[in-house]
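All chains should be modelled from the sequences, with the hints used to inform the complete structure.
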Amino acid sequence: MTAAATITREEALAALASLVDHEHTHIDGDAIRVAPASTDEVAQVLGFANEQGLTVLATGSGTKLSWGNCVAPELVLSLERMNAVREHAWQDLTCTVQAGCTWNAMQSELARHGQFVALDPLWPARATVGGIIAANDSGCWRLRYGSLRDLVIGMTLVLADGTIAKTGGKVVKNVAGYDLHKLLIGSFGTLGVVTEVNFRLHPAEQDVRTWTVIAQDPEEFSSPLRALLHAQIPFSGVQLRASNGVALDISICTRPECFDDLENRVRAIFGSLTMTDANPDVWQAREQLFQDNALIVKASTLPAEICATAREIVKSAATASLDVSVVAQATGLMTIAFRGRDDAVLAQINQHRAQLKAKGGSVTVLQMPETLREKLDAWDCTSDALPMMREIKRRFDPKRILSPGRFVGGI
Amino acid sequence: MLAATPIEELRSAVGAGALITAESQLQTYECDGLTNFRVLPGAVVLPRSTEEVQAVVRVCARYKIPFVSRGAGTGLSGGALPAEGCVVISLARMNRILEVDIPNGYVVVEPGVINSHVTQRVAAEGYFYAPDPSSQSVCTIGGNVAENSGGAHCLKYGFTVTHTLALEVVLPNGDLAHFGSAAPDAQGYDLAGVFVGSEGTLGVATKITLRIVRRPEMVQTLLAAFDTPSAAGQAVSDIIAAGMLPSALEIMDTLAIEASEAAVHAHYPMCGGLLLVELDGACDEVDALMAEVRAITEKNGAWETRLAQSDEERALIWKGRKAAFAAMGRISPNYIVQDGVIPRTALPRVLEQIGRMASEAHLRVANVFHAGDGNLHPLVLYDRSIEGQEKIALDLSYRILNLCVDNGGSITGEHGVGREKQQALGYMFSEPDLATMQLVRCAFDPQNLSNPDKVFPRTRLCADRPGPYTPHPLETAGVAEIF
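Protein sequence lines, in the order shown, are assigned to chains A and B. Taking my numbering, the leading residue of the first sequence gets 891, the next gets one more, and so forth. Taking my numbering, the leading residue of the second sequence gets 590, the next gets one more, and so forth.
Please keep in mind that the hints were generated in silico from the structure rather than gathered at the bench. Being a predicted model, the structure only gives us computed values, none of them experimental. The C-beta atom is built at its ideal place from N, Cα and C for all residues, glycine as well. Among these hints, one or two may not hold up.
Derived lysine-lysine pairs resembling DSS-like cross-links, with alpha carbons at most 25 Å apart [said to hold, decoys possible]:
no.: 1; chain 1: B; residue 1: Lys745; chain 2: B; residue 2: Lys980
no.: 2; chain 1: A; residue 1: Lys1265; chain 2: A; residue 2: Lys1247
no.: 3; chain 1: A; residue 1: Lys1249; chain 2: B; residue 2: Lys796
no.: 4; chain 1: A; residue 1: Lys1249; chain 2: A; residue 2: Lys1205
no.: 5; chain 1: A; residue 1: Lys1247; chain 2: B; residue 2: Lys796
no.: 6; chain 1: A; residue 1: Lys1247; chain 2: A; residue 2: Lys1205
Here are some chain A residues the structure puts well away from chain B; computed CB gaps all over 12 Å [claimed, not checked]:
no.: 7; residue: Phe1149
no.: 8; residue: Thr1164
no.: 9; residue: Asp1182
no.: 10; residue: Ala1208
no.: 11; residue: Ala1237
no.: 12; residue: Thr1254
no.: 13; residue: Leu1266
no.: 14; residue: Gly1295
As structure tokens, this is what we get:
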């Protein structure tokens, strides 16, 4: 145990086993892994950790555990046993789910009534509700339905000292009190442990068609994309893929009788560029970037800038003899994979950080080779709101036991 | 009254022409749309820039003077009610639209910009600003941000927070901070998300970046007459269950129709439950969906359906709906408006229970509601001149809120907690929930100066009461209507 801790690991293990039971408490590498079965048990575990000054990393299935800066916790708090869909009020289009439930397990339950949480995160078969919320992940559906900020309507969370608090509620329209759940989304486990989530739901997409348009250079898409987003089209997703070649994928969700007219409108916008029916697998492109030991970043830019930004990134990587693949959503969020020499990759990241920051965007490193961990901060936040973020962290977690150092500005 | 030194410092912060201290002038600022609560502020300042707001807030922080920021004062929950001896920061002069970026779909505005002016500014480009509180022709974006305002169309388009991308905020110590960004997912905690709807308790927003939305190609508005609000409510459930997301779904009961007709003459069919359905989107899609909606309303017993044939007809339908609150004066000397939310499926049983509670109290309750998202606006009608009736009406309106909470809902869908519903917040949330919210409050405002004694329950339990309606001075003067 670290200097802050006052007890030995064996003592901690025994104490935790008395709170959660032996079967679900064990040594895992340098940490103790504990898997509580309820919000009350999470509260007891956190209360104990806080009292003893033990650092805690909450986890679901661990798909994004390496995101953010490195944490070496004394306690790994697994939510794997809290994996139930607690309530599906299908006529009210809401549901309540435990944080350890995998995304697909939740969606299959909701699909029984033809509904879904309108978000397409990475690795939905394994990723859990809690982890997706901690990382604020989102995919191509965000263009139509918004992000977790728009879909989460309430939460149960446990603070570092074991306090159990509810925020929001089970109705979509609700302005009573502060929306603390917005603070927890994307907080990387640094403010509390989310144990249950209330979502607003949408009717599942039934009739969807996807097309892909091919070009030589991302810039060729610049003005058609602008025209496309300005047109009256019910998109399900719009994404730009740029690497050696360039493609734009477009999904539309509408009633069967409306497709012909909409397809004609889209074709008119792209003129002479080749547009073909596409396989829905094109929407796995973002996930496919993660398949090897590449350095992966989430970059953010203004929506109208994605073509120019993608072009710049591809060109600059070629000059530096690096492999690069860009998958950009029409919302302005891009996932980019770099492969090549560490020093060249590092130089690219620094260059893009400077350029995107100048336009109000950012570059967050999601996955990096171990050899770069020492040299690269996952974040590049220089916001004048950082002092307030640190103060909120101090109030929520004064002993800094929750994922210390993982988040922006050393939080 | 404020001491001479801070007054002098406020004067040098904003200039003599932007400081009000004369009692007769201060009275203009003694209340907002919740007019039965009135407190005279110590001073009012009308800054013209972020720097002036900072200078004012620094004076307040130095002398520990509470401050309350204010837009048009149309709020219905007492959010802009002054604190005793406070400085009211009126943002009325910060009313410029600073930037319009159509390709990226946003505008940057100062807090005093009027809601409907945002849409007016971008309409020619085919865009609009979606949140549309009924007071949108007079209320300001700063106030909308404070209250996280909604409106009839938030069923499809979301609330103010859905459309707020970034904020420049003067913190309660006078420091400046920027939350969020026009590009998605700014790094760090989502402070913009927490600030929107914090009712002025976390600082003063001085610049707001708002998302604007493409104006739909086609809008269709249907009126359907039912025998009861519950029958109309069932049609709403069936429309939602069919997988549709209309841009608005509104219900009015007989009393509300009578009042609205007396005031606006929207030619509504006189019925027990009037349903208003608005669909928007691409032409073919809207045509197909509207046919389906008509079939659903007929299946649920609608005996008359009427589709607006022109923009003028649609505007008249909405005028009748949006004037419903103000129109209550036509059928009752006094009334209290509430803002509870319930899960849609609880609608029939909650309406029935409200009816029962009303007849037990020998009072009438008119119902106007955003049925799509379960946001009720029960209007408790009474006569103040009858001794004891106001107390009974207040009590009833309060029990209706508790009923909403008991049915899994909320005490407020869009009006905010403010001064009016502080105790009700304590009915909805437990002590640990409220204490956790207070952690945020204390991080922002450890001296408790920014709009103090609002939102959170007061220690004196007896102090809380919802508000009977009395006309706002602006309304009496014919300057504005409170919807």
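Okay, the hints, checked on the actual structure:
no., hint, in the structure
1, B:Lys745 / B:Lys980, "violated, 38 Å"
2, A:Lys1265 / A:Lys1247, "holds, 20 Å"
3, A:Lys1249 / B:Lys796, "holds, 18 Å"
4, A:Lys1249 / A:Lys1205, "holds, 19 Å"
5, A:Lys1247 / B:Lys796, "holds, 20 Å"
6, A:Lys1247 / A:Lys1205, "holds, 19 Å"
7, Phe1149, "violated, 10 Å"
8, Thr1164, "holds, 25 Å"
9, Asp1182, "holds, 25 Å"
10, Ala1208, "holds, 25 Å"
11, Ala1237, "holds, 21 Å"
12, Thr1254, "violated, 6 Å"
13, Leu1266, "holds, 15 Å"
14, Gly1295, "holds, 14 Å"
Violated hints, in rising order: 1, 7 and 12; the structure is consistent with all others.
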